[in-house]
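These are the residues of each chain, in order.
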Amino acid sequence: MSYVGEHTWIGDLGRLMVALSFVWATFSSVAYALHLRRPQSHWLATARWSFRLHALAVVGIVAVLFVAIWNHWFEFDYVWRHSSTDLPLRYIFSCFWEGQEGSFLLWTFWQAVLGWILIHKSHEWEAGVMLTVAAVQAFLSSMLLGVYVFGIKLGSSPFVLIRDLPENLGLPWTQMADYLTSFPAFQEGNGLNPLLQNWWMTIHPPTLFLGFALTVVPFAYAVAGLLTRRYSDWVKPALSWTFAGVAVLGVGILMGGAWAYEALSFGGFWAWDPVENASLVPWLTLVAAGHLMMVEKHKHSATGITLFMALFTFWLVLYSTFLTRSGVLGDSSVHSFVDLGLSGQLLVYLLFFVVGTAALLAIRWKSFPKNATDELLGSREFWMFIGSITLLLSALQIAFSTSLPVFNKMIGPDGWIPLLGDALAPPTNANEHYNRLQMPFAIVVSVLMAVGPFLVWRSNSPLFWKRILPAAAGSVVLGGLIAWGMTIQHPVHVVLLMVSLFSALANVDLWLRLWRGNSRHLGMTTAHVGFALVLLGSLISQGKKEFLSVNKSFIHKDFPANENSVLELKDTVSMVPYWVTWTGERSEGQNHYYDLTFMEKRGDTAFTLSPFIQMNERMGNVPEPDTRHFWNRDVYTHVTFADLRDVPDSAQWKRPLEVTLKAGEEAIVYDNFILHCDTLEVRDAVFTTDGSNIKRLNMALQLRLVAMDGSEEALLPIYSLAGDQLTQTDAVAERSGVKARFASVETEEGRFKIQLWRRSEEDQPFILIQAIAFPWINLLWLGSVLMGLGSALAVVQRVQRDREKAKKASV
Amino acid sequence: MKRNHLLGLIVLAVLAGVFLATFQDASTYQTFPTAEGQMGEECVVIGTLDLNDSITFNKDKMLLRFTAVDKDGNSRTVYYNKPKPTDFERSEEITLTGFATDTAFVTTNILMKCPSKYKEKEKLQQT
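The listed protein sequences correspond, in order, to chains A and B. Counted the way my numbering counts, the first sequence spans residues 239 to 1049. Counted the way my numbering counts, the second sequence spans residues 72 to 198.
If you're looking for bench data, these hints aren't it; they were derived computationally from the structure. Ideal placement from N, C-alpha and C gives every residue a C-beta, glycine not left out. Misleading hints may appear alongside valid ones.
With a straight-line Cα cutoff of 20 Å, these simulated SDA-like cross-link-like pairs (lysine to any residue) come out [claimed, not checked]:
id : chain 1 : residue 1 : chain 2 : residue 2
1  : B       : K130      : A       : E806
2  : B       : K73       : A       : L615
3  : B       : K73       : A       : G616
Beta-carbon label-pair distances, calculated as ranges [what the hints assert, rightly or not]:
id : chain 1 : residue 1 : chain 2 : residue 2 : range
4  : B       : E107      : A       : V297      : 54 to 62 Å
5  : B       : T174      : A       : G594      : 51 to 59 Å
6  : B       : R136      : A       : V593      : 48 to 56 Å
7  : A       : A597      : B       : N123      : 52 to 60 Å
Far from chain B by the CB rule (all over 10 Å, computed), these chain A residues [said to hold, decoys possible]:
id : residue
8  : L251
9  : F331
10 : S394
11 : D402
12 : W553
13 : K604
14 : M648
15 : L675
16 : N756
17 : K808
18 : E903
19 : L964
20 : R989
21 : F1004
22 : A1030
23 : Q1035
Produce the complete structure using the sequences and hints provided.
Here it is in structure tokens:
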């Protein structure tokens, strides 16, 4: 049977490309291994060409998947699941990498690009390095195979047709040739998760995965160094790659933070979520590896630990992949991937490289050159070594806490060896847990970041204390002033404040005063200052974040007052230092906006924020924040509760009341208000010629509703008569929620009958919002930019220097 | 003793401290009855929302009251002092972090799992 409207050929093409990319990568790895074993053999050219073919096949897979998404071919499960026709063009890329298969593909793509470059740039190291890169590529490609071998699922293909999904096999509609056109469900895809429909999500994943991909380079060089027994030499060519990885991965992680801050409603940029941790941990060890490599390059004294750190970073990348994609995190993470049933394969992938390279490291360990003497206590290499170990410990702490679900699998009550009585759950207050344990590491790293550059290689520096004194004194004074000014009281916070300032000041001071602004050191200085500012910005913006919205009602002593304010429509609420009014709501596209006006109580600043709820029938409703950026602080708001049902107007008015008043009289209504009847305003009165009957009459009654606090609202209900036709136009006092109708005139006494309604409490529309001030958060973003630019500059300068050296050497 | 050995010892000590602190901070997965056996102690209960019972939210007190059923089928009244989560009624599983008291379970954080993703496909299977 041939199905109508299907594009199976492109799926077949995609699968073919996947198979080819897997085969060529495997072949290339083996060929490089054979060449490494016997350099005289002719395997090198074969290895190169097969890797290039592999890379082209990967590009082919990317192209095929992209074409399918672009054309909305919803017969493919991946396309159906991650895209829809109403999606703006700029988010097409995000659909591509929303799912597991797509993000594996993105990773494979970057590594293929890096491999291609390495073939040209790694020269004498090519075989050793490429053998590992190609092997990693083979494993990654196998994740996309989607075939069953002896009943075991190998990989998950992005080119599966919905009718071929196991859960759909045998269903009657899969036998219909025209199923694509006859079911409306196939006309539109499931769509992209609304949270990912954000500009950051277009650039964050590619950056992050390029960062992950770059960690394979120092890993491959380290393996090559071990294989060829050149335990120190591999460091030099790998150094630039490592710091490129530091820059790209670091920026990628912070982009994720920027996205979370802008699009997610947890009120911050970092939540210590397992998925965030999974990218932070390898970054920390990559930084450690980079610095150890510099020690090794200058002193050849850290051979074993440098090799270990380069290998360990990549192990952590594999472990992170396993954690976030195997479904083991389950309940503990909001946004890990769905389990595709690949956990076995992921585990094999992880163990293959970890066990293989760990064994290699262990076998070679004995033959590493041994140092007869300790490093000098005052030398740069010693303290750089200490700094790297601190980073490693910090990474291990995060990795350990994040791995609690893994421990459950191993030693929990249902695990392999049931040691624990109860299954472990993540710490109930993740922020508090991680911040408390990570701050000491951050303090040590900050101090070393300030001190390290002042020290010199291979000897004590007698001028050290004299040179560092100004920055140290300056940061203690400045830090003290800031802590006093911002009332930062926690001793650990004060120390971190001072040392991160120290780190920034010392690096600037060193560069300006001692290195006299030499551009050679600009990259390193900028990167260090940037990282110090990231720490400083995080500390102040998180440590001193201030909830403007506070609900003071007391529930119970164990229940803290919470950080949400009730806002009724048009009501003004005090959120120090602002008056906040919910002025209205509106819908644009699938977003429902709530307009909030902020007016400074003492000052002229006024602004409107419009946090919104994205109404997405397929994905559920998602609240998204809105933030006002000032140079020294951000005001961040999001809607924490909104009743999304529409209440019809008539249903709101309850408790009818009737009062009869003369002009100048008043009455107490609804316990809380005084209704004044001021004057009758006759706008138009035309009588029939004999004067007995009314032809036309238009009157308005001027009323004033005075609330308990003395505030007034004017009401002007209108009574209008044309012949026999009576029209009554009601007036509404919005703030008080009272509606008035001019019911009739009792002519004899000159009294007016007024009907009143009160808007019922339950139906009074309200929203709950959270408003948070983040002081100095711009320091964090400034630091991120500086760190990225600085590391990038350092890499570029290093590459240029190496090139010049090579040129000189060849002349 | 060489300085490197001393360093190694310090590293091991820090690691041990860190691991101990992590285990201390970790909470545990419980059911309602076992949570009641350790009243006031923070734990995590996974369950579902009982839609047959009323879900009330008092905005002025900022108090949400609902009934949850844990994995063993025990149902308890739960109090939550934060705004009612969006689409709360649609959740198919809720993870409650909190502690038991003698009258109700008090939760400080709710994580929800929503089924929306594959809804349309299910519809298709029924046709």
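Hints and how they fare:
1. Our distance criterion of 20 Å between C-alpha atoms is met by B:K130 and A:E806, whose separation comes to about 11 Å.
2. The suggested pairing of B:K73 with A:L615 holds, with an alpha-carbon distance near 13 Å, which does not exceed 20 Å.
3. A threshold of 20 Å between alpha carbons decides the hint, and for B:K73 with A:G616 the separation of about 16 Å falls inside it, so the pair holds.
4. At roughly 59 Å, the beta-carbon separation of B:E107 and A:V297 lies within the given 54 to 62 Å, and the hint holds.
5. Checking the proposed 51 to 59 Å range against B:T174 and A:G594 shows it holds: the Cβ atoms sit about 57 Å from each other.
6. Our hint of 48 to 56 Å for B:R136 and A:V593 holds, since their Cβ atoms are close to 53 Å apart.
7. Distance hint check: the CB atoms of A:A597 and B:N123 are about 59 Å apart, consistent with the given range 52 to 60 Å.
8. For A:L251, the shortest C-beta to C-beta distance to chain B comes to about 25 Å, beyond the 10 Å cut-off, and the non-interface label holds.
9. For A:F331, the shortest C-beta to C-beta distance to chain B comes to about 21 Å, beyond the 10 Å cut-off, and the non-interface label holds.
10. At roughly 16 Å from the closest C-beta of chain B, the C-beta of A:S394 stays outside 10 Å, upholding its exclusion from the interface.
11. For A:D402, the non-interface assignment is confirmed: its Cβ lies about 14 Å from the closest Cβ of chain B, beyond the 10 Å cut-off.
12. The non-interface label for A:W553 is consistent with chain B: the shortest C-beta to C-beta separation is roughly 17 Å, beyond 10 Å.
13. Non-interface call for A:K604 relative to chain B: holds, since the shortest CB-CB distance, roughly 17 Å, exceeds 10 Å.
14. No Cβ of chain B comes within 10 Å of the Cβ of A:M648; the nearest lies about 14 Å off, and the non-interface call holds.
15. Not every CB of chain B is more than 10 Å from the CB of A:L675 (nearest about 6 Å), against its label as outside the interface.
16. Every Cβ of chain B is farther than 10 Å from the Cβ of A:N756; the closest lies at roughly 33 Å, confirming the non-interface assignment.
17. Look at A:K808: its CB is around 17 Å from the nearest CB on chain B, clear of 10 Å, so calling it non-interface holds up.
18. Every Cβ of chain B is farther than 10 Å from the Cβ of A:E903; the closest lies at roughly 35 Å, confirming the non-interface assignment.
19. For A:L964, the condition that its CB be more than 10 Å from all CB atoms of chain B holds, with the nearest at approximately 40 Å.
20. At roughly 39 Å from the closest C-beta of chain B, the C-beta of A:R989 stays outside 10 Å, upholding its exclusion from the interface.
21. Not every beta carbon of chain B lies more than 10 Å from that of A:F1004, the smallest distance being close to 6 Å; the non-interface claim is violated.
22. Under the 10 Å C-beta cut-off, the non-interface status given to A:A1030 relative to chain B holds; the minimum distance is some 32 Å.
23. Residue-level check passed: A:Q1035 sits 32 Å from the nearest beta carbon of chain B, beyond 10 Å.
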